[in-house]
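Fit chain B to the supplied structure of chain A, relying on the hints for placement.
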Amino acid sequence: MSVQFGRCGIDVALDEASSLSIGRRVGSSSAGRVAGEDDVTLSGWILTATQSDAFAARQQMLGHMDNQWEPQIPFLSGVDVDASGYLVPVSADVSSVLGVSYQGSGKYGFQYRVTGQRTAASSMPRLQARLSGALRPNAHSAVLADTTPWHGYASSALGYAFGARGDTAATRVGPGGTWNHLYSAQAYQDGFATWTSPPASYYDMAAYFSAGSPLRTVVGRQFDAATNRVLWEIGNGLFKIGPGSGTGLLTFTMPVAATPSVWGTPIVLDVGWWGGAWFRFGTPSITNVSVVYNAPELCIVRLTVTTLLAGVSSFYVVDIAVRRGDRGAVVTVKAPVNRKWGMGFNATTGCSQTLIHGNGTGIRVTADDGDHNRMHIFTSAANTVDLVNGRCYNFAGTGQQTFYVVGEVGGSTSAVQDTSTTLQSNFFVAQNESQRVVLP
Amino acid sequence: MIHQVLMGCGDFSVRLRPDTPDVVIDAIGSGDLLVVTPTRLADATDRATVLGQARYTGRLDTFTGDRLAMSGQSVLCYLGDGDNPSRGSFLVGSPITGPKTFSQFVTAAFAAGNRKGGLSLGSAFSSPATVINGDQIADTEATRDAFNRFCKIVGAEYRVNADGTFDWGAPGVLWKSGVNIDTLLMTTCDGDDVDINALRVTRWSVTHEMADAIGAVYVRGSGGAVSLNGYYYFVDFSGAGFWAPSKVVTASTSDAGECSAIGAAVLAEAHTGHFQIQATVDCDDVGQYFTGGQPGDWVSLYDERNRLKDVANSGVYKGRTILPLNTHRVIEWTVPLRRQGVYVIQMAGNSSVPQFTNSVLDLSEFFEAETTDPTLVLSTSNPMTLTDAVTGARY
Numbered sequence: 001m002s003v004q005f006g007r008c009g010i011d012v013a014l015d016e017a018s019s020l021s022i023g024r025r026v027g028s029s030s031a032g033r034v035a036g037e038d039d040v041t042l043s044g045w046i047l048t049a050t051q052s053d054a055f056a057a058r059q060q061m062l063g064h065m066d067n068q069w070e071p072q073i074p075f076l077s078g079v080d081v082d083a084s085g086y087l088v089p090v091s092a093d094v095s096s097v098l099g100v101s102y103q104g105s106g107k108y109g110f111q112y113r114v115t116g117q118r119t120a121a122s123s124m125p126r127l128q129a130r131l132s133g134a135l136r137p138n139a140h141s142a143v144l145a146d147t148t149p150w151h152g153y154a155s156s157a158l159g160y161a162f163g164a165r166g167d168t169a170a171t172r173v174g175p176g177g178t179w180n181h182l183y184s185a186q187a188y189q190d191g192f193a194t195w196t197s198p199p200a201s202y203y204d205m206a207a208y209f210s211a212g213s214p215l216r217t218v219v220g221r222q223f224d225a226a227t228n229r230v231l232w233e234i235g236n237g238l239f240k241i242g243p244g245s246g247t248g249l250l251t252f253t254m255p256v257a258a259t260p261s262v263w264g265t266p267i268v269l270d271v272g273w274w275g276g277a278w279f280r281f282g283t284p285s286i287t288n289v290s291v292v293y294n295a296p297e298l299c300i301v302r303l304t305v306t307t308l309l310a311g312v313s314s315f316y317v318v319d320i321a322v323r324r325g326d327r328g329a330v331v332t333v334k335a336p337v338n339r340k341w342g343m344g345f346n347a348t349t350g351c352s353q354t355l356i357h358g359n360g361t362g363i364r365v366t367a368d369d370g371d372h373n374r375m376h377i378f379t380s381a382a383n384t385v386d387l388v389n390g391r392c393y394n395f396a397g398t399g400q401q402t403f404y405v406v407g408e409v410g411g412s413t414s415a416v417q418d419t420s421t422t423l424q425s426n427f428f429v430a431q432n433e434s435q436r437v438v439l440p
Numbered sequence: 441m442i443h444q445v446l447m448g449c450g451d452f453s454v455r456l457r458p459d460t461p462d463v464v465i466d467a468i469g470s471g472d473l474l475v476v477t478p479t480r481l482a483d484a485t486d487r488a489t490v491l492g493q494a495r496y497t498g499r500l501d502t503f504t505g506d507r508l509a510m511s512g513q514s515v516l517c518y519l520g521d522g523d524n525p526s527r528g529s530f531l532v533g534s535p536i537t538g539p540k541t542f543s544q545f546v547t548a549a550f551a552a553g554n555r556k557g558g559l560s561l562g563s564a565f566s567s568p569a570t571v572i573n574g575d576q577i578a579d580t581e582a583t584r585d586a587f588n589r590f591c592k593i594v595g596a597e598y599r600v601n602a603d604g605t606f607d608w609g610a611p612g613v614l615w616k617s618g619v620n621i622d623t624l625l626m627t628t629c630d631g632d633d634v635d636i637n638a639l640r641v642t643r644w645s646v647t648h649e650m651a652d653a654i655g656a657v658y659v660r661g662s663g664g665a666v667s668l669n670g671y672y673y674f675v676d677f678s679g680a681g682f683w684a685p686s687k688v689v690t691a692s693t694s695d696a697g698e699c700s701a702i703g704a705a706v707l708a709e710a711h712t713g714h715f716q717i718q719a720t721v722d723c724d725d726v727g728q729y730f731t732g733g734q735p736g737d738w739v740s741l742y743d744e745r746n747r748l749k750d751v752a753n754s755g756v757y758k759g760r761t762i763l764p765l766n767t768h769r770v771i772e773w774t775v776p777l778r779r780q781g782v783y784v785i786q787m788a789g790n791s792s793v794p795q796f797t798n799s800v801l802d803l804s805e806f807f808e809a810e811t812t813d814p815t816l817v818l819s820t821s822n823p824m825t826l827t828d829a830v831t832g833a834r835y
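Chains as they are written, first to last, in the working numbering: chain A, 1 to 440; chain B, 441 to 835.
Looking at chain A on its own, in the form it has when it is part of the complex:
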């Protein structure tokens, strides 16, 4: 018998979970729950092949208890269809991970007891995404009419509805699977999308953050950042970003355009500032990684980066925000002091300038790469470009700057939802999404 509880079990092979019990309760109504819904208790052992797998599973289970970004989670039982559904996590009582194998079985694990409250309509409620959008403040004269808001949702979604908005449906395919992608001719997108998702496919196309070796999905915010500050990955199945090496801060990986189920060659990206020469101050070092937001629809991590500036250690933060269904990440750089922020390619990469209303918005790689993709780096601030090396930076010192690092998968033959122009107009609408379970 197998049990899946939220993301507990993703990237971790759970061997056994021995019991599942469900109790009925007549309760009072409160947000996210409905009167008369059930209390659910899951208890037993989780056993895994290795001790580190057990630690990861334990983190995932406990992570759900205080993850305010994910108020409801799916749970599954392999036996009884009625015992699957969505619940509001309430509490978890978890033992220490075994130091020796469980009863000589060669497996490691921990004993658990988690409780939650069933949500409305139990196994198949509606999921609701609240979408808000606004024109991103920019130095390029971009207006609302230049924006293309969008929403990505799992292809397993049933009965997706966003009202009659004249939206266009498309798909995007990556190693994680196929995503439905809805984009809008509206100036900005502001409203509610609802759909139904079987619990088993709830995390299809979810944004995720994972850490460790091997990489394991992190639930909530607690993970071992001290050990894993350069062993992590953030992505959504369509692209992924990880730590770089040497002078490069990040790596960005897209699918191979011709065979999108396969990851392409990682591209190393620089993040820093102009100081008379690019990164003349040395090699940036990721000193901390903190999870700022961790939900299927949006995942954000904050890197604290330290670099030597004229012999003095100087720090800045890099926020990487990944939405479900996005081809790239919005990267915000902030520091307590004003700097001439920029991003670029670590390797010399010939680029052309992207424009809107005659104003430069960033850079686009000139030729398709070996995977037939082209990277873009857009920024909302006024910027100067180095088209020979492939860099774009802001000559006006600011305390913060926002970039959109995104891959044009397919390059010169990309689908309409993935063209350079579409990605640019995606960026100029700053969208916010939050998701919860509602009555059908």
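Heads up, a few of these hints could be off.
[What the hints assert, rightly or not] Some chain B residues judged to face chain A by a derived CB distance under 7 Å, without partners named:
id	residue
1	Ser754
2	Gly759
3	Thr761
[As the list claims (entries may be wrong)] Where chain B lies over chain A, by a calculated footprint (3+ residues, C-beta under 8 Å):
id	segment
4	318-329
5	353-361
6	367-379
7	386-398
[Stated by the list, open to error] Here are some of the chain B residues that sit facing chain A, going by a computed Cβ distance under 7 Å:
id	residue
8	Thr628
9	Val634
10	Asp635
11	Glu744
12	Arg747
13	Val751
14	Val756
15	Arg760
Hints were generated in silico from the structure; no laboratory data involved. Ideal placement from N, C-alpha and C gives every residue a C-beta, glycine not left out.
Only chain B this time, still in chain A's reference frame:
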């Protein structure tokens, strides 16, 4: 508990532990000043040190319960009492006459010979240049009433800081507003960003009340009347068009321009009804985020469920897109005494010429710590109504 109000006296109450030594209780007298600092000070030996670190200074007015419970109001009451505005400083003795800007009026009011309780002139922040006739701010009024009336007409505000200095000017400059807003109130936030002070809201209380809203004003001045129409928001009973209730107000001025200004101010405040927004926040020292350590600053509000968002305004908080509403300001708050430093500046001298001593009494280990969370009251507009300007302050 400290209750502070923008341009008002507010009130505070402190309760001492029952096991406070009598020698401490006896040393506190009515009229002494109570000073609250963000934390207990190691070197709080003299008045200047404590006032230099002060978040709040109040005057002790009332003692009850074996003198263990003490209450009073902020030192702004030196300009005019909260309950009885005519009791306070007044301008008799050197009446202020002739056309004046607010800066000139304030300077004159703080000139030697006028009673201002030892408050000192601070700084002007782009005070409006509008000139009005000082004669209308009669010398029979308490200073605070005069200031309030003047402010109402020219659109100025003022504050009395915890160190007793008086600042004044245009509201948008005197307080943080517009691009200078750096405080964000949000439910789902976790701490400050590099450039944003984020206060986690544990509870919103948002009420939209249309019952008091007015859409037209008729200002009856002493020499004429001005009628202002503007807003129509209720459906007309016939089903065609819209209607709004109107209000008649009486102003003591004969100047048509001033009547118009008063009418416009009333209309601007009242036409949308009242958005009563309160936010309970999780913070030990709210004052650190606000100019002068008191209510007044504009803040960013973001809560989608309560419609506190602005789709024309996007920002980035820890990598996350937020659409905060920047049109609200904190006008009032109630802050518990939890782990702040609490001091009393004592009065000494004979009964005819009392003065504050330079030594202070440290109550930090004697007050009963409170367990509530601070509650902020927000508003989109100047909290004062015309009633305040004409007949005296509400607070």
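Consistency of the hints with the structure:
{"no.": "1", "hint": "Ser754", "in the structure": "holds (4 Å)"}
{"no.": "2", "hint": "Gly759", "in the structure": "holds (3 Å)"}
{"no.": "3", "hint": "Thr761", "in the structure": "holds (4 Å)"}
{"no.": "4", "hint": "318-329", "in the structure": "holds (count 3)"}
{"no.": "5", "hint": "353-361", "in the structure": "violated (count 0)"}
{"no.": "6", "hint": "367-379", "in the structure": "violated (count 0)"}
{"no.": "7", "hint": "386-398", "in the structure": "violated (count 0)"}
{"no.": "8", "hint": "Thr628", "in the structure": "holds (6 Å)"}
{"no.": "9", "hint": "Val634", "in the structure": "holds (4 Å)"}
{"no.": "10", "hint": "Asp635", "in the structure": "holds (5 Å)"}
{"no.": "11", "hint": "Glu744", "in the structure": "holds (6 Å)"}
{"no.": "12", "hint": "Arg747", "in the structure": "violated (11 Å)"}
{"no.": "13", "hint": "Val751", "in the structure": "holds (5 Å)"}
{"no.": "14", "hint": "Val756", "in the structure": "holds (5 Å)"}
{"no.": "15", "hint": "Arg760", "in the structure": "holds (6 Å)"}
Hints 5, 6, 7, 12 from the list above are not met by this structure, while the remaining hints are.
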